[in-house]
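Enquirer: Those protein sequence lines, which keep their order, are chains R and Y.
Each residue of the first sequence is one higher than the last, beginning at 5 in the numbering used here.
Each residue of the second sequence is one higher than the last, beginning at 909 in the numbering used here.
Source of the hints: derived by calculation from the structure; they are not laboratory data.
Think of the CB as a built atom: it goes at the ideal place given N, C-alpha and C, for glycine as much as any other residue.
Any given hint might turn out to be false.
[Stated by the list, open to error] To be clear about the criterion: a stretch of chain Y counts as covered by chain R if any three or more of its residues have a C-beta under 8 Å from a C-beta of chain R, and this derived list gives those stretches: (1) 949-955; (2) 1058-1064; (3) 1076-1087.
[Unchecked claim] Only pairs whose alpha carbons sit at most 16 Å apart, straight line, appear in this in silico EDC-like list of lysine to aspartate or glutamate: (4) R:73 / R:8; (5) R:54 / Y:934; (6) R:54 / R:22; (7) R:54 / R:34; (8) R:54 / Y:1062; (9) R:73 / R:22.
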Amino acid sequence: MILEVGIERKSFGSGAAERVVLEGIEFGLDEGEIIALVGPSGCGKTTLLKIIGGLDAAFVGQVQWFGSKPARIGTIFQNPRLLPWRTVKQNLLLVEPPAGARAIDELLRALGLWQFRDAYPTQISLGMARRVAIARAFSIVPDLVLMDEPFVSLDPAMAERGREVLLDAWRRRPTSALLVTHDLLDAAALADRVLMLSASPSRIVQTVTIDPELRRSGLEASMQVALKLRAAQAMT
Amino acid sequence: MAGTNLIKSGASARLLSWLALLLLWEAAARFAGTRLFPPVSTVLAAMGQDIASGALPYNLALTLCRVAAAFFISMLLGTVLGLLMGTWRRLDLLLDSWVTALLNLPALVVIVLMYVWFGLNEGAAITAVALNKLPTTAVVVREGTRALDRELLEMAHSFRIRRWSALRYVVLPQLYPYLFAAARSGLALIWKIVLVVELLGRSNGVGFQIQVYFQLFDVTNILAYTLAFILVVQAIEWAALQPMERYATRWRR
């Protein structure tokens, strides 16, 4: 195991206005494993990723990292969060630790971004900007990738292309990853294990391990898995 | 192409409006026929003489140096102060009323106090001008800092972008519109105050010269200095501020 998450409680506000968003979230992540956390909108998925990514320390419990320290965490935010005044390539060159220019060129080529390397984020589509965000997260050679609804609000074909790009990047260097999403197809296409979360306050209500034969093996297999996930979700 | 044409047509429109103003001035002055309102041709001739004698370039250069010194000091300190106040709520609470007081203090009071306390010297003159501009820069930059995109700051933190790089590449570009606004209004304010400072306590510079000509009731030379001054300000706007702004916001196109 490379990461152990034990969040007893996370809430916002205090006193009568206190709102508990996460409660009793416990799971471990193995090296090279991809876990998808699936839950309804507003159930605290983004908050969970912020806690794991070290962006929010105000919670009860602990998150333990057993890998090399400090952990290199590549985050793919819901909104790509590219710097609009820097070109695609310049956005990738800014993060720490910086990949060499050659490594970045290679990554841009591999992810189909080469022709957009000198474009500003305002000049490319949302789908393309999401790909750049994926490239940025993988450019640091991460120990852990955190993904927050990386393909939300893309049309099905663009989302499918996005998942392919993500898997391409992941296969180039398999790394542990956490994906939070409300989209069962995202979870089915990418994950080894799926943790189903309840509505707020969120807790894990079910764990589904994806059949190894169907893992990351194309759209058709993913759709089969998604149907199974939906059935499992309906049971909870 | 369309952009270039637009810039060209914008420039010619400006030139036309300037020419129209000068023609109007010339005609009105000739019609009035008084020494207190000389035509533009007479003013330009006087300007030519002052340029040839070296008096105008000398005084204009001194004034420009004072403007530049006060401008850079006030922009630098005002930006740092604005950034700090926008970032730390407590510091903002502590300094807010001071900044407001300084913002509303008449320029004349600051100038007179600086001269009384520190003597009629260059340091006091420049400090007085800078103190007048500093609070407006601080307030504008504070607003800009408050409006910074939290998501981008979080991204910078998450990807461990170094503090200096984050300031330079994540924070400052977001502040450019505010900094340019502060620079524009700052230059406009500083020009005016520098002349008053020169009039009150220096023995050279455009402000001093205008005072001399005022005592002689020499309107022609007052207008000659004023016109030279306006031309320099316009040149700075066209040759420095606008190109810099275009470069800083090139990604928007």
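Enquirer: Tell me, which hint numbers fail for this structure?
Expert: Of the numbered hints given earlier, those the structure breaks are 1, 5, 6, 7, 9, listed in rising order.
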